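Respectively, the protein sequence lines represent chains A and B. Under the numbering used here, the first residue of the first sequence carries the number 1, and numbering increases by one thereafter. Under the numbering used here, the first residue of the second sequence carries the number 1, and numbering increases by one thereafter.
Read the hints as simulated data drawn from the structure, not as lab findings. A hint or two may mislead.
Distance condition first, Cα-Cα at most 20 Å in a straight line; then the derived DMTMM-like pairs of lysine to aspartate or glutamate [unchecked claim]: (1) B:Lys67 <-> A:Glu126; (2) A:Lys44 <-> B:Asp73; (3) B:Lys67 <-> A:Glu118; (4) B:Lys23 <-> A:Glu79; (5) A:Lys109 <-> B:Glu47; (6) B:Lys17 <-> A:Glu79.
Quick look at which bits of chain A chain B covers, simulated, 3 or more residues with Cβ under 8 Å [claimed, not checked]: (7) 38-46; (8) 79-93; (9) 97-105.
Since this is a predicted model, take the numbers as computed values, not measurements. Ideal Cβ positions, reconstructed from N, Cα and C, are used throughout, including at glycine.
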Amino acid sequence: MPEFIHNYLDELCSKFNRILWRNFVYICKMNNDFIEKWKSQVKKGVLTFIVLNLLKHREMYGYELIEHVSKTISIDIAEGTLYPLLNKLKTEGLVASKWVEQISGIPRKYYSLTNIGEYVLSKMKESWEQLTDSIKGISK
Amino acid sequence: MKNIEFSDKNATSLYDKYIRDVKEIIRILSKEDQNDILMEINSHIYESMQRNITDSEIDRIVETLDKLGNPRDSLSALIADRKLFQATKTFCPTHVVKALSLNISNGFIYVIFCILYLFLFGFIFLIFVKILYPHNTGLFIGEDEAHFGFIANITDNTSLEILGDWFIPVNIVVMVFTYLLITLLLKLKYKLRRKN
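When you get a sec, could you build the whole thing from the sequences and use the hints?
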């Protein structure tokens with residue numbers, strides 16, 4: 001085979017390989033981004049459910065709640081988003097809050113579940129279980 | 001509110017600036033709400049500073065404020081919500097106007113509210129116009145057309161004004177009706193939003 005053809009083919013192959021590799025990397029990255037995005041959407045979607053569940057056991061102040069949420073679902077929620085959520089839950093009557101004085105002089109605002117909150121949580125739990133059951137059913 | 005004390009000067013100035021920004025943003029809320037939000041943010045910063053005590057003070061405050069996010073972004077939902085709640089509790093027009101302006105980005109329905117509000121101011125304006133130009137203002141009914149408001153050029157062909165001095169009381173009644181309608185719709189909208 002003449003050398004120039006050999007060289008030409010060589011170059012063509014390496015070009016083709018590069019394109020293949022690039023596409024492979026791109027697809028992996030895209031899938032990964034997609035999965036990460038989806039995960040964070042799901043977590044945000046169940047944030048209310050998680051917060052109410054955490055408050056079921058005992059009352060907590062905002063920062064403590066954020067720590068527990070991060071630990072439970074390993075998600076760094078923008079901390080600023082939790083307070084609007086708590087405010088919404090409070091106007092809905094699902095949680096109650098009270099200021100508790102501390103030795104430091106900087107009081108903590110403790111949140112606790114109300115009776116309505118407990119009821120709503122039990123209903124949420126039911127539909128959560130229904131949902132996971134049906135998903136298990138179709139993803140077998 | 002008791003301020004948090006730092007030994008690092010830079011940490012103090014970062015903290016002060018953040019608190020100042022928050023104060024500026026929440027100024028439109030009631031005193032009670034302002035105090036509540038401020039105290040909660042202060043408490044959050046304080047509790048966060050008590051963690052990872054081995055890191056330097058400046059590192060901790062930077063991370064804390066960074067995680068809390070720009071107050072303008074993180075507080076906007078909270079402020080819009082509280083303002084709307086306040087507006088539906090009172091009938092005070094300034095609260096309603098502010099709540100509307102904060103919620104305008106939250107949906108088309110608020111544009112309709114704003115248009116209704118413009119109508120309301122239109123009626124108020126017409127009362128003054130009637131006092132200044134009694135002959136040009138009123139309810140003009142013609143054979144096949146009707147005008148409510150102000151007509152600049154009155155000619156012989158202009159339709160007949162039928163309300164006369166009754167224009168002002170009628171305007172007031174319409175105004176009150178529009179105002180009640182807006183507030184009731186707003187309440188309804190708020191209830192629906194809470195249900196969602």
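Evaluation of the provided hints:
no.	hint	result
1	B:Lys67 <-> A:Glu126	violated (34 Å)
2	A:Lys44 <-> B:Asp73	holds (17 Å)
3	B:Lys67 <-> A:Glu118	violated (30 Å)
4	B:Lys23 <-> A:Glu79	holds (18 Å)
5	A:Lys109 <-> B:Glu47	holds (11 Å)
6	B:Lys17 <-> A:Glu79	holds (19 Å)
7	38-46	violated (count 0)
8	79-93	holds (count 9)
9	97-105	holds (count 3)
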